[in-house]
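Student: Here is how the chains run, residue by residue.
Protein chains: 2
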Amino acid sequence: MSDSSAFHALTSALRHLPGVGVKSAARMAYHLLQHDRAGALQLSTALAHAVESVRHCALCHTFTEHIVCDTCADPNRERTQLCVVENPADQAALERTGAYQGLFFVLMGRISPLDGLGPADIGLPRLLQRLQGMTDPLHTDQHYPAVKELILATNFTAEGEATAHVIVQALRGTGVQVTRLSRGVPVGSELEYVDLGTIAHALVDRRSAQD
Amino acid sequence: MSDSSAFHALTSALRHLPGVGVKSAARMAYHLLQHDRAGALQLSTALAHAVESVRHCALCHTFTEHIVCDTCADPNRERTQLCVVENPADQAALERTGAYQGLFFVLMGRISPLDGLGPADIGLPRLLQRLQGMTDPLHTDQHYPAVKELILATNFTAEGEATAHVIVQALRGTGVQVTRLSRGVPVGSELEYVDLGTIAHALVDRRSAQD
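Those protein sequences? They're chains A and B, same order as listed.
Here this note's numbering is used: the first residue of the first sequence is 1, the next is one more, and so on.
Here this note's numbering is used: the first residue of the second sequence is 1, the next is one more, and so on.
These are calculated hints, taken from the structure and not from any lab test.
All the given hints hold, so there is nothing to weed out.
No copy is singled out in the list; a pair is fine if it fits within one copy or between any two copies.
20 Å max Cα-Cα, derived DMTMM-like pairs, lysine to aspartate or glutamate:
#1 K23 with E95
#2 K23 with D90
#3 K148 with D136
Keep in mind the model is a prediction, meaning the values are calculated, not measured.
Chain A extracted, bound-state conformation:
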């Protein structure tokens, strides 16, 4: 490719990015060095800064630069509702709906036996602790009461369903109401083009049209 060891080091470092193979990495290194050196420096700085400053929220475990994230610290949110999601991107999708005013718990992963990820890897003990209510880690007068309803919003994939199942099992007998996002036909879709599994679930989970 070139005799530059710095170029090769950059190419191999780019492979730490998920989904980037040898050829993509070489293409990225070429692009940055030939066309966007300012962007490369900006990325270098952003990486170092993020690694240094991004930590996990003490309450919901999402990424934040503070001890408690803005969502958890917001006094206007319903603190007895906790929505469990796999990662911050899923949390963002729920936030964009504007339909949820409770708090979140971000697993930062999911159960995946094939990848060797079990209940401990999704922070199940921390979730159980969180459900009991917590005093504010910031030692303000704010209080986080015990959670009354836990909404499972893990993905509707095999791994997301397994994760939801394990959480349901772990919460049996705690008295916390556990709900799950409904499965069904996506809004705006025509039945002709919806996959059969979804239609089957929508039939099983059908609701009264008179509500």
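With chain A fixed as given, assemble chain B onto it according to the hints.
Tutor: For chain B alone, coordinates are given in the frame of chain A:
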């Protein structure tokens, strides 16, 4: 996604990478911060180091950390042959064949009228200067004689062909022999599965089977 401005800065900086959109960037940032902080730091360092140390070879314009790259400095290469390629990846592909012992000239681009890239953007004046022979920029006793044969190895795309065409035009009357990689059926392929344009070219460029 999260309330972390460092996370958002990282996500937007990752979009400087070619082919990375909003969702990919968020996924990459999440992966690095959650699973590979050491990799993120390594990438940060590699970017800064590459931007600082990678320059262009004074002779062939490829990436190098030296004034003259190892290939150009190699006294065992045939210096009257110059192979013109679009970028270092193409050069690497030719090197891997082991079938070429001459020197290279790396355009670091190609003519692309749609992107506003003309002859000046591929360093045509520098190529013409290089063809006349050069004294060693390192002021050693090495010498780079005038080029006798220029092999066009730009890609066989519309833009690569246009680039080759422009170079051929520019070299008219200089006395330099200009050749082009042959077009034809890829080695190991069955005609049934080869595209028609390739077969048509292979017919037109057919060669004597008695050589």
